[in-house]
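Asks: The lines below spell out each chain.
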Amino acid sequence: MFVELQDINKSFGNVKASQGVSFGIEKGKLSALLGPSGSGKTTVLRMIAGLETADEGEIRIDGKRVNELEPRERGIGFVFQNYALFRYMNVYENIAFGLKVQKMSREEVKNRVEELLSLVELKGLEKRFPNELSGGQRQRVAFARALAPEPSVLLLDEPFAAIDAKVRGELRRWLRDMIHRVGITSIFVTHDQDEAVEVADGIIVMDKGRIEQTGTPGEIYRTPKTAFVAGFIGEPVIIKDFGRLKGFSAEGYDHAVIRPEFVEAFKSDNAHFKKILPFAEKGVIKDIVFRGNTYAVKLDVGGMELVCHRSLERRPIEIGEQMNVIVYRLFAVKGNDIELMKNGNLGDDSSDQLEKYLYGDSGYFVG
Amino acid sequence: MLSVLILIPLASVLLKGFTLSPQRFFEIITEKNVICAFLTSIGCAFLAAFINCVFGLILAWTLVRCDFFYKPFLDGLIELPFALPTAVAGITLSKMYSDTGFPGKYLSAIGIDISYTHAGIVLAMVFVGIPFVVRTIEPVLRKLDPQYEEAAHIMGAGSIYTFGRVVLPELGPALLTGFGLAFARGIGEYGSVIYISGNSAKAHTQVVSYVIMQKLNYMDYEGAAAIALVMLVISFLILLGINLVQIRQSRRVNDI
Amino acid sequence: MTDRKDNAKLKGIRHRSIERVLIIISTIFAAVMLVLPLGYVIVQSFSKGAAFYLSAITTENVISALQLSLFAAGIALLVNTFFGIMAGILLTRYSFRGKQVLGALIDIPFSVSPVIAGLSYIMLFGRTGWLSPVVDDLNSLTGLGVKIVFALPGVVLATIFVTFPFISREIIPVLNAAGTDEEEAAGLMGAGAFTVFRRITLPHMKWALLYGMILCTARALGEFGAVNALSRTRGETFTLPLEVDALYLSGSADSIVAAFAVSSILVLMAMLLLVLKTFTEYHMNKTGRS
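Chain order of the listed sequences is E, A and F.
Residue numbering for the first sequence follows this note's numbering, starting at 20 and increasing by one per position.
Residue numbering for the second sequence follows this note's numbering, starting at 35 and increasing by one per position.
Residue numbering for the third sequence follows this note's numbering, starting at 7 and increasing by one per position.
In isolation and in its complexed conformation, chain E is listed as follows:
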């Protein structure tokens, strides 16, 4: 592990910002610290950078304890949330700042800055001041500036927060590719799960100063390990009394987390569905939200509110219409533990079964 945190504790007065935080990041990997605001993710990042000191525990970079080192001695590059570009310096001076401090010769500084400018494709903008740049260009300058002194770890605090939603997607891919190209071990903080899933090689989910789960984006999404992660990732709907759903028993559990992809809704006037009709609930469409590539359909099933996605290719539906609803999986929650629970009526491979029922043998949408 290139960057390693071990049992880190940190309090601000009565607020426990970090409690027993431990994780490791492999060399060259891009990791995301994901969590809601106030989860302590930024504090962890700032402790790695040395902008805050840990009360207890050890932080190691490249096997070396760095707790007592000044930020500048840790070999770290930092991209701030609003980039913190020096307003009274132009692009060139901003990038050169960390190099001049190292007492590099003028020639060396010039070469390094030019190298970085071409890396981030900002050649020709050396003389511009930060307020003359677009949000994306500022991010690139901040990136280049952080990389200039050749740090071994790059830390980024909400790197996309200051960017328009429109270009955010493009910049995410740009930053991911750039970091992989440079090959620098990087950690970024975000509260946006799409961002974490799309950009990171690994995700560390935090809540209330604790680490909830670490893993690849796929692992985090498919197999949440704690109630918090299940309720945070995806588009979760929390259902209290889920024992009322056919095929489930709520005994011993607090509540269930149901994602839209766990729910299927279909009209009943089709012979195909005869076999599964007995397992379905009756539901009424409350709301239909057009999402571009799908509809998000809100259903009222006996007082429970469920959400499912529906392909645009299927038969049109309208608000108030009666539907048959099948939930074929859910996360049953007990305390902070969760369990994936399958619909008992559909047998072991519930999703296969459902698919066969819904699409028939032709594989064509019929419901």
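Worth flagging that the hints you see were computed from the coordinates, not collected in a lab.
Predicted model only: the values in this text are computed from it and were never measured.
It is possible that part of the hints are untrue.
[To be verified] Below, simulated DSBU-like cross-link-like pairs (lysine-lysine); rule was C-alpha separation at most 30 Å, straight line:
| # | chain 1 | residue 1 | chain 2 | residue 2 |
| --- | --- | --- | --- | --- |
| 1 | E | Lys301 | E | Lys259 |
| 2 | F | Lys105 | A | Lys177 |
| 3 | E | Lys46 | E | Lys129 |
| 4 | E | Lys119 | E | Lys142 |
| 5 | F | Lys54 | A | Lys139 |
| 6 | A | Lys177 | E | Lys146 |
| 7 | F | Lys212 | A | Lys177 |
| 8 | A | Lys105 | E | Lys35 |
| 9 | A | Lys177 | E | Lys119 |
| 10 | E | Lys142 | E | Lys122 |
| 11 | F | Lys212 | A | Lys105 |
| 12 | A | Lys105 | F | Lys283 |
| 13 | A | Lys177 | F | Lys283 |
| 14 | A | Lys177 | E | Lys227 |
| 15 | E | Lys293 | E | Lys361 |
| 16 | E | Lys142 | E | Lys48 |
| 17 | E | Lys119 | E | Lys46 |
| 18 | A | Lys139 | E | Lys35 |
Once you've looked at the hints, dock chains A and F against the given chain E.
Replies: For chains A and F alone, coordinates are given in the frame of chain E:
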């Protein structure tokens, strides 16, 4: 209302100044004691404004960045020169630093005279000017995002380098505005200066305001108006300078 | 590793020691430049005993000066509050040609020497002034003998002049920051202009207005240069600062102590206003200058 109260009276001074023949005008403003008064006022005000920038910066810094139990008290004191009548400040400073006053007695014993010298004028101008500098720097410093300093720090800059290259440029416009305000106030200052200055023509310790007042007392309205005209032009130029700086500042700092 | 720890500790100490040095410099500056003079006034004013102090501040001249000071400050406060609010609203809620010029003009009294302010009123209303024929005509018409220069109206006018910008200068940033959304919303819901002002605008600028009024009062009570130019008669048109000046300049040891005694009244008023100001500031911060 603005025009009745301020513009028309000021315009009348300008008119009076302009009705003088150019020769007479130059005669008046090039009188030896008038030139000396201008040099004294401008020189002392400049020096005082500079001293105020140094101490104003330190005071603003401690008020924003440091924590100590009597901070609210110190904070309240800053406006004292605003609230204290200038005449009261004037006689107090003059008496304090004369050779019978409290620190003055000991200072003159070691050969430092403050009252009735240029040092006294500067001292009085520092007194009246300090709130302007502190109160212009303070809000800017308070709003200054610590991220700038953190960024410099991570990239390896030491405290002094960071202050010089990152913090000072951010404070620059505010510092300049404060300087301008204190400078303008110093040049025009009357009440707090006239007692401590001694007003000796020989020692060049007359300030412009004093000379104008003197001419008024002798009913020499022409002379007073001519000198006032020059002074108005100077204050106008300072005011213009401050506004230009503020415009440039708001343009540069826009939306980042 | 222990080396590093010590190293880090040393650095921490260095930061704290810089901070301590700054606090010490600030404290010394404030003590010498601000607290010391204040204490000096009090010590001096009682240097000839309490009885002398009492008799010094109850002479006819002092009482008359106190009355005039309060009167002039009161009028200046009224006039400037009214026009300060007008100017503030005009400059933040309307756009018209020359708006920026007007904004700059309002600040003129800040950068003009008070002596020049006094001079300008003499130029205007004095014996050879541009408007003195008008004043004379009005006087002969109405049969009144109103004098402006070297009389009460002059003192009041000069006080208004030097305190003119204080209130508008405090409320303009607050009005700008508050924006027009709420006022427009109220207007759309059918509130009249005065209701909008009373219910929306006034609450927004309440504390800033009070702050400006306090500064205005303090400056009005303490004004010296402008009033000095326009006032000649001790016991009639002298304000407290002028009385202090007269006592101090008459030069005898007794009168100098009396000057400090009278000053102590002004110091007391200044301190009172400072406390009020701190209280107002506290509220301004609490309501968030949003």
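Asks: If a hint holds in the structure, say so; if it doesn't, say that too.
Replies: A quick look at each hint next to the structure:
Only pairs whose Cα atoms come within 30 Å are accepted, and Lys301 (chain E) paired with Lys259 (chain E) is accepted, the gap being roughly 18 Å. Between Lys105 (chain F) and Lys177 (chain A) the alpha-carbon distance is near 28 Å, which keeps this suggested pair within the 30 Å criterion. Distance check on the hinted pair: Lys46 (chain E) and Lys129 (chain E) sit about 29 Å apart at the alpha-carbon level, within 30 Å; holds. Under the criterion of a C-alpha separation no larger than 30 Å, the hint pairing Lys119 (chain E) with Lys142 (chain E) is consistent with the structure, at around 20 Å.
Using a Cα cut-off of 30 Å, the hinted pair Lys54 (chain F) and Lys139 (chain A) holds, with the two alpha carbons roughly 20 Å apart. Among the hinted pairs, Lys177 (chain A) with Lys146 (chain E) is consistent with the structure: their alpha-carbon atoms are about 27 Å apart, no more than 30 Å. Between Lys212 (chain F) and Lys177 (chain A) the alpha-carbon distance is near 23 Å, which keeps this suggested pair within the 30 Å criterion. Restraint check: the Cα-Cα separation between Lys105 (chain A) and Lys35 (chain E) comes to about 29 Å, which is no more than 30 Å; the hinted pair holds.
Restraint check for Lys177 (chain A) and Lys119 (chain E): satisfied, since their Cα atoms lie roughly 27 Å apart, inside the 30 Å limit. A hinted pair counts as satisfied when its Cα atoms are at most 30 Å apart, and Lys142 (chain E) with Lys122 (chain E) qualifies at roughly 24 Å. The suggested pairing of Lys212 (chain F) with Lys105 (chain A) holds, with an alpha-carbon distance near 26 Å, which does not exceed 30 Å. A distance of roughly 16 Å separates the Cα atoms of Lys105 (chain A) and Lys283 (chain F); the hinted pair therefore holds under the 30 Å criterion.
For a cut-off of 30 Å, the pair hint linking Lys177 (chain A) to Lys283 (chain F) stands: about 22 Å separates their Cα positions. Restraint check for Lys177 (chain A) and Lys227 (chain E): the C-alpha separation of about 29 Å stays at or below 30 Å, so the hint holds. Proximity of Lys293 (chain E) to Lys361 (chain E) is assessed by CA-CA distance (about 21 Å); at most 30 Å being required, the pair is judged to hold. For the given pair, Lys142 (chain E) sits about 28 Å from Lys48 (chain E) by alpha-carbon distance, which is consistent with the 30 Å threshold.
For the proposed pair Lys119 (chain E) and Lys46 (chain E), the alpha carbon gap of about 28 Å is at most 30 Å, so the pair holds. Under the criterion of a C-alpha separation no larger than 30 Å, the hint pairing Lys139 (chain A) with Lys35 (chain E) is inconsistent with the structure, at around 58 Å.
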